[in-house]
Every structure is written in structure tokens, then in C-alpha cells.
Amino acid sequence: MQTAQFTGALLGILKKRIEEDKLSLPILPTAADVITHSLNDAHTDLVTLTNIVEQDPVLTMQMLRVDRTENMARGIAADSILQACERLGVKKIKGVLGEMVKQRVFNTRVQGANLIVSGFCQHSLAVALLAQDIAGLTNCPTPDAAYVAGLLHDLGSIAVIIFLLEFEKTLYSKPMATKPEWLSLEGFWSIIKAIKAEVSTCMASKWPLADHVRKAIAGVVDYDVGERISIMNIVHFSNALSKRLGIYPGQINSEEIDALLMIGCSFLGLEKEMVDRLSAQLKHRLALSD
Amino acid sequence: MKRVLTIDDSRSLRSIVKKALKTLEEVEIFEAEDGQQGLAAVEECQPDLILLDVTMPVMDGPATIKELRARGSNVPVILLTAESKLSIIAPMMKEGFQDYIVKPFQPEELVKKVVKILQTKVESSSKGAFDSDIYNSGSGELDVSIKSDFAPTKSWVDIYESAVDVLLIDDMDHVAKRFREFLPDHITMKNSLEPQSAISFCRRHAFRVIVIDLEMPNVNSAALIRQLRTIQPDPVYVALAMRTMKDAATTARQQGFNGILVKPFDAAQIDNFLASYFSSRELVSVEDYVIKIGQFVGSTDRLPQFFNRVSKSTIEAIDNIAAACYDRVLLDSVEVPNSPEHVSRLIISSVEHAKRLGLAFQLVTNNDIRALLQSIAETADLAVFSTLEEAKQQP
Numbered sequence: 001m002q003t004a005q006f007t008g009a010l011l012g013i014l015k016k017r018i019e020e021d022k023l024s025l026p027i028l029p030t031a032a033d034v035i036t037h038s039l040n041d042a043h044t045d046l047v048t049l050t051n052i053v054e055q056d057p058v059l060t061m062q063m064l065r066v067d068r069t070e071n072m073a074r075g076i077a078a079d080s081i082l083q084a085c086e087r088l089g090v091k092k093i094k095g096v097l098g099e100m101v102k103q104r105v106f107n108t109r110v111q112g113a114n115l116i117v118s119g120f121c122q123h124s125l126a127v128a129l130l131a132q133d134i135a136g137l138t139n140c141p142t143p144d145a146a147y148v149a150g151l152l153h154d155l156g157s158i159a160v161i162i163f164l165l166e167f168e169k170t171l172y173s174k175p176m177a178t179k180p181e182w183l184s185l186e187g188f189w190s191i192i193k194a195i196k197a198e199v200s201t202c203m204a205s206k207w208p209l210a211d212h213v214r215k216a217i218a219g220v221v222d223y224d225v226g227e228r229i230s231i232m233n234i235v236h237f238s239n240a241l242s243k244r245l246g247i248y249p250g251q252i253n254s255e256e257i258d259a260l261l262m263i264g265c266s267f268l269g270l271e272k273e274m275v276d277r278l279s280a281q282l283k284h285r286l287a288l289s290d
Numbered sequence: 001m002k003r004v005l006t007i008d009d010s011r012s013l014r015s016i017v018k019k020a021l022k023t024l025e026e027v028e029i030f031e032a033e034d035g036q037q038g039l040a041a042v043e044e045c046q047p048d049l050i051l052l053d054v055t056m057p058v059m060d061g062p063a064t065i066k067e068l069r070a071r072g073s074n075v076p077v078i079l080l081t082a083e084s085k086l087s088i089i090a091p092m093m094k095e096g097f098q099d100y101i102v103k104p105f106q107p108e109e110l111v112k113k114v115v116k117i118l119q120t121k122v123e124s125s126s127k128g129a130f131d132s133d134i135y136n137s138g139s140g141e142l143d144v145s146i147k148s149d150f151a152p153t154k155s156w157v158d159i160y161e162s163a164v165d166v167l168l169i170d171d172m173d174h175v176a177k178r179f180r181e182f183l184p185d186h187i188t189m190k191n192s193l194e195p196q197s198a199i200s201f202c203r204r205h206a207f208r209v210i211v212i213d214l215e216m217p218n219v220n221s222a223a224l225i226r227q228l229r230t231i232q233p234d235p236v237y238v239a240l241a242m243r244t245m246k247d248a249a250t251t252a253r254q255q256g257f258n259g260i261l262v263k264p265f266d267a268a269q270i271d272n273f274l275a276s277y278f279s280s281r282e283l284v285s286v287e288d289y290v291i292k293i294g295q296f297v298g299s300t301d302r303l304p305q306f307f308n309r310v311s312k313s314t315i316e317a318i319d320n321i322a323a324a325c326y327d328r329v330l331l332d333s334v335e336v337p338n339s340p341e342h343v344s345r346l347i348i349s350s351v352e353h354a355k356r357l358g359l360a361f362q363l364v365t366n367n368d369i370r371a372l373l374q375s376i377a378e379t380a381d382l383a384v385f386s387t388l389e390e391a392k393q394q395p
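Protein chains in written order, with my numbering: chain A, 1 to 290; chain B, 1 to 395.
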């Protein structure tokens, strides 16, 4: 397969779908099962539905987009997932989830590729939880907004990998005399790395989202020196910490991560002992939520 | 004496560093204005720590640390710089530096990080600050830091400004006032109406018990206890809830609290709280040879437990007074509750213990107790006074 050509074509399709607001991302089977169970339960309330949504970046993204569309007249994007869900109401949320549950992430034949999606979702949740706590510790006024930004910061990568899986599903569902050679796991990763930045930038500029969410999706390399205690810097630090803890599906550059952590501790006024405790708490919380 | 070398092209910065580190005893400060001078200074003064700027003329930070390591030096380095670009800082990790401080900085951050490095001798310069078990998921890698023989003196910066017994976090001011009324005078307390100031308090004061209202508007108490535990893992965390809150104890447990208090407060509950989280020693305070018994707070059915704890603490205090070679004990029981049976038993046991240790015994008490003691054979001849001052004046 001509990977470079394919990559370029894939990027073009993705960007077009984003620009036309036609990008629809399927959800993880585990998320789908939880949703199905809750939709069948008559006692499911707003709190339960919000808890489900805020564990998953794809669900959260969709809910925020629907909220923004429904509440355009208000002109103010929801600061938190709870706020968005409160504005939409139980009936609307159930409707949106009911549609989403029909599309599950394709189970690829490529060993390990499905784990990339769940790995990114786990990593996103870790960054969200860390960002929320660090925002509280650093007196950043909006910990819930930091949570949302953390949860969605890798949406570009998630979109690329899910789209690749959908492409595979379409390709191999067609009757063919000979099936074309598909990507290896390394191929998946090389495509993600090649186009995630552009996809993220496109999402950030085209989708009607709150400022801090758009910035988080677009991503940064360096800390913002102009505003040390900011959602962006908090998410940037949380991302590095999550990677350092091994909660990331891909490979990491240890030197870069350690440098980011040291710089971030100084920017955010965090002591190493506090970071150690945050890390221990995070591992415990993620274990509980599994 | 520990030696700290500052390598920075800014004279004012070197001056600020010198001023900040002046608070530390046994630390000598050396200076250099670029990497080249810095390397010469390293040969000359053999520093225990280098504070290194990144952007400098003649020889910048990256080149300096590279040359330093190439010469075989493992001296710890803290980067002290306005430079925060990953592309510049990350490559320096290869050469090994122990920490980073962004300019402009708070002197407290500089002092804390310098103290930490000087207290810990780093064996391998390649070890990063985040290289420990918790980050390596059980890889078995040990922390190579070992404690040096450099111990902080009293003039070193303490982590906390003060130790306080209780922090109460509740959005209603009156709750704190009411809680304070129930606590004995010797229990110190701070209160906060919202999370931000609570977090700020926890950064500055060490608390023994932190009480958090579960039902503050727009506050996630689970997140708050987590954040506070990150700053202070040692205190006991107690949830505060309305009596009518459904499943309050379960919620508190799930959120990681050690116990629960309900509003409105009552004496029995507060007494349990004090008994659970504060040492019985605090019921009894000692100054020189004077033992003062503190107030009793609670319902009368808890008097036996109170006197039991006071009795044990009083005996311990008498032992300490004897060990300090005082020749007498003065027991101030003015604030003791009026329970004749318990009081007489307490005083008799204290007198007998003091006698065994060869200590003279004096008592300060009210007239009712004085009359009671005069009617008991073991205490009829006891030296009893109405005030502390009167007792102290006696030889």
C-alpha cells in the first residue's frame, strides 16, 4: 500500500467531514454496553447519564456539540459536562446516546489496534482527572473546564484511529476477489503521528466549542509563559504526567516528558511530593473505574 | 559549610539569589557571569550545587552543563532560567540536572529546592526528579538519593508556618462559630468558607484534623478531599453533613473520609470527636512542676472516661516532673467538673504516686473539693490552696 498517498487521502476526507460537520465517530463497545444498560433502566437520571458521558471523550464531544447547537441563542458554551447535560435535559441526552450506541468501533483484525482506541480514551480520562485536581490545587477558577479540556485534548488522535478502523470495516466488507493488504500496527501509528496535528487544528477551528477546549484540542508544545496558571498549562502538565505514569498507548520520549514535568512544576507551583500523591490517587481512581 | 555557585549573566539576579539564600545557615554563595567563568569557579570552589542560567553570552547553559559532565563532574544542577522551550530544555536532560525554576521566581521556591538538593546527595547525575518507583510501575528501580550528613538547623525554612489542630470548611460562617464554642480553649482552629482559601491554608499550616462539609453549593467534596490530601496526606479527614442527609456515612466513606460529624452539633458528638482525634494528654497541660487539668466538654455520662484519661495523663506528668528533678508537684484542678467521687479518686491516686517518687504535693482547687478532701483520711493533711499564685509562693 502506498502509505503516503493513502495518508494524504485520508487526511483530505477527514478534514472535509469536519468542515461539513459530518464527522460521526463510533464509540467503544464498553461505552456502548454501559449506555444500553442505562437506557433500559427506568431509574436512570441526569447524574447517571452525566457520569457516563464524562468518562468518554467521544461522548463528551458529541454532547458539547449538541449543546452548542441547541443553545446557540444563549451564546455561551457550557463550562462543564454537567452544565451541558443540565441544559439538554434527560430526554435529549437519551436520544443522542441512543443514536450513538448504534455505532460501535469496528473490531479490527490488526492485533493491538483496538487497544490504541481504548488506550487513548483511558489516557484522556487520566489527563482530565489530573487537570481537574491540579486546577483546584492551583486556584485556577474553573476545574470543571480543565476536566473537559483534558478529556478532549487527544480527540484528533482518537478521530484518526477510529476513522482508520471504519475505513477498514468498509474496505473489507465489500466482496472482492483478493483483499488488499491492510496496515500493520506500525502503519496505524505512523498515520496517527503524520496527520493528528492537522486533524486537531481543523477540529479546533471548525467546531463551535469553548475557547479552552479548542486550544486543548489544537495542542501545544511549550507552556504558555504569559499565563502560568492556565487551563492550557494545566492540561499540558497533566498530559505529560499521565504519559510518565505509563497511561498512554504509544511510546513516549522520557527526556521530553521529564523536562515538561519539571518545567510544569515550577510554572504551576507544584511540589514533587504533591505530584507523587496525585499520581498515586490517579492510579487508584482509574483502578476503581475499571 | 555547603557551597552554592550561581552562574548567571544578570548581576541583579545573582544578587536576588544571594539575598534569598542568605536565610540559610552554613551555605556559602559563589558567583559567575557566564559558563566559562562558571567552569573555572567549579574547579576553584568545588560547589555542592550549581544554579545555572540557560541564556548567557560567551558560554550558555547547555554548553556549560555538557562541558561540566564531560569533565566528570556530578555536581547537582538546578536550572534557573526564563527559558521554557522544550526544544532547549529537554536535550539538557541527557547531561542531567536535578530541578528547574522558571524566572521570575518566588524566593520560597528557590530556597525549598536548594534545601532539598543540599539535604540529599544525588549519586547519579543522570537520575531525573521523576525517576522513582511510582513512575516506573514496579520496575523495581530504587531511588538512588541518599541522605547526606547535612541536617537543617532551626534557621532553615520550615514547610509550614504553624501547626493548627482543626480546619473547618463550611460555607456558613455560623457553623464555624458554633463548632468553636464546643471545643476546649487549647484546641486551635481555623475555618474556611470555600475551597480556595482551604487549599491556601493547607499550603501554609499543618492541620491535625480537617472537617469538610459535604453539602457546600457548587463544591465537589470528593474532589476537595482529594486535593487537600495531595497537599497534606497526614491529617484525619472528617465529613460534615446534615442529620437528614441520606446515606451520609456511606458517602463519606466512599469519598475517603475517616469519620463523620452531623449538624446541628451536640456535646456528646463533639466529645466523641475530641476523644477520637485528640490525645488525652491535651486534657492535661504541664509547665515546670505545675499540672493543669483542662475543661471537660460533653455529657455527664462521659465523666468516667474523662477522669480515666485525665488520671493516666496526670500520672505520666508526675513521672516527667520527677525525672526533671523537681521536688514538688502542683496540681491545678480548678476547672475539673464537680464530681466528688471522681475528683477524690483522682487526687488520692496522684498524691500516692507523687509520694512514691519522693515529691511534695500541692493542690489548687475550690472550697467544695477542699472540704471533701479534709474529710478523707488520705488527704486530710494535704496542702490545698485557692489560687495558683498562692500555692507557688509556698516553699
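Take these hints with a grain of salt, some might be off.
Short, incomplete list of chain A residues facing chain B, as computed with Cβ under 10 Å [as the list claims (entries may be wrong)]: (1) Pro143; (2) Tyr172; (3) Arg214; (4) Glu271.
Everything labelled a hint here was simulated from the structure, so no lab data went into it.
Every residue, glycine too, gets a C-beta built ideally from N, C-alpha and C.
Against the structure, the hints:
Taken as an interface hint, Pro143 (chain A) checks out: its beta carbon lies about 7 Å from the nearest beta carbon of chain B, inside 10 Å. Evaluation of the Tyr172 (chain A) hint against chain B yields a violated restraint, the C-beta minimum of about 36 Å exceeding 10 Å. Annotation: interface hint on Arg214 (chain A) violated; nearest CB of chain B at approximately 22 Å, more than 10 Å. The beta carbon of Glu271 (chain A) is positioned within 10 Å of a beta carbon in chain B (closest approach about 7 Å), and the interface hint is therefore held.
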